[in-house]
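Chains as they are written, first to last, in this note's numbering: chain A, 1 to 200; chain B, 1 to 100.
None of these hints come from the bench; they were simulated from the model. All residues carry an ideal CB built from backbone N, CA and C; glycine is no exception. Any given hint might turn out to be false.
Listed below are the simulated BS3-like cross-link pairs for lysine-lysine, each with C-alpha atoms no more than 27 Å apart in a straight line [what the hints assert, rightly or not]:
(1) A:K76 / B:K68
(2) A:K11 / B:K51
(3) B:K51 / B:K68
(4) B:K91 / A:K11
(5) A:K76 / B:K63
(6) B:K51 / B:K63
(7) A:K76 / A:K11
(8) B:K51 / B:K62
(9) B:K62 / A:K76
(10) B:K63 / B:K91
Derived, one-sided and incomplete: chain B residues facing chain A with beta-carbon distance under 8 Å [what the hints assert, rightly or not]:
(11) L22
(12) V26
(13) E27
(14) K37
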Amino acid sequence: MQDHTADQELKDRLDLIESMIAEGRRNIESWGWTFVVWGLTYYIAIGWSALGHSAWAWPVTIMIAVIVTVVVATLKSDNHPVTTLGRAIGSIWMALGISMVVLFLSLGLSGRLTDQHLFVAVISAILGMANGASALILRWKVQFACAVVWWAATVGTCFATDAQTTIMFLVAIFLCQIVFGIYGMIAESNQRKRRGPIHA
Amino acid sequence: MPDSPELNPVVHGRLRLALLSLLSGVEEAEFTWLRAKTAATDGNLGAQLLKLEEAGYVAVEKKFVSRKPQTLYRISETGRQALTEYVQALKQLLGPAIDT
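Between the sequences and the hints, there should be enough to build the whole structure, so can you do that?
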């Protein structure tokens with residue numbers, strides 16, 4: 001009986017080590033809100049460009065989203081520690097953000113953002129790459145599923161009609177930005193609730 | 001029969017073990033972050049971090065950021081080694097019971 005209790009205490013110690021080390025990974029899930037913000041950004045830009053036919057729709061919406069993301073991220077990450085993993089994932093998304101701003105700002109301002117199929121294919125491929133790289137680093141199947149959805153949208157949009165392309169893009173945004181982002185936020189919230197105090 | 005390994009008493013304390021494990025996964029961490037992750041009280045957390053510091057397992061850096069004091073903790077090589085040895089000793093003690 002005493003042996004069993006001692007074994008259980010030692011196993012508790014092992015579990016504690018594993019759960020604390022996993023905290024580094026859990027920090028990633030506090031970025032769920034950015035997926036939702038960017039999903040809404042895409043919807044606003046699509047709506048604006050469809051209704052207003054403005055070349056400024058994408059560049060302006062993306063610039064506002066970048067500012068919102070940077071400001072909120074700075075406020076949220078006030079006392080978060082730096083991890084190699086966090087820096088790796090952050091670098092992927094930062095490089096993606098810069099690429100999108102540079103590419104779509106230039107295309108928008110030059111008036112060459114005219115081929116809807118090419119636009120959706122490029123944006124989907126870039127998002128598939130970023131989600132795929134992040135998922136492979138984190139070994140996160142749910143995020144890899146998002147990458148697959150983006151890659152499927154890349155292929156699909158090359159062969160689809162205008163209407164089908166729009167629907168595919170809207171569905172991919174909904175699944176990979178809105179649903180995935182909310183899932184990330186719920187997962188983070190659940191972990192906060194489960195975590196009790198650790199005594200000496 | 002081989003001798004049972006001793007568990008390092010400094011590492012074995014629940015909160016100290018949690019702190020070393022947390023610090024092993026990050027480059028450095030603020031006191032407030034460690035407090036949020038462990039949900040420990042300021043007094044208890046400070047006391048356990050001091051024990052780890054005295055054992056040479058963590059290094060402390062105090063600085064001011066935007067005029068606010070900031071205390072940063074970083075696991076030392078000795079601390080990382082102590083944690084690794086502790087895990088090995090735990091696994092050795094548990095033996096086959098580890099999978100049950």
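The hints, checked one at a time:
{"no.": "1", "hint": "A:K76 / B:K68", "verdict": "17 Å, holds"}
{"no.": "2", "hint": "A:K11 / B:K51", "verdict": "24 Å, holds"}
{"no.": "3", "hint": "B:K51 / B:K68", "verdict": "25 Å, holds"}
{"no.": "4", "hint": "B:K91 / A:K11", "verdict": "9 Å, holds"}
{"no.": "5", "hint": "A:K76 / B:K63", "verdict": "20 Å, holds"}
{"no.": "6", "hint": "B:K51 / B:K63", "verdict": "21 Å, holds"}
{"no.": "7", "hint": "A:K76 / A:K11", "verdict": "34 Å, violated"}
{"no.": "8", "hint": "B:K51 / B:K62", "verdict": "17 Å, holds"}
{"no.": "9", "hint": "B:K62 / A:K76", "verdict": "22 Å, holds"}
{"no.": "10", "hint": "B:K63 / B:K91", "verdict": "39 Å, violated"}
{"no.": "11", "hint": "L22", "verdict": "5 Å, holds"}
{"no.": "12", "hint": "V26", "verdict": "4 Å, holds"}
{"no.": "13", "hint": "E27", "verdict": "5 Å, holds"}
{"no.": "14", "hint": "K37", "verdict": "6 Å, holds"}
Consistency note: the structure conflicts with the earlier hints numbered 7 and 10.
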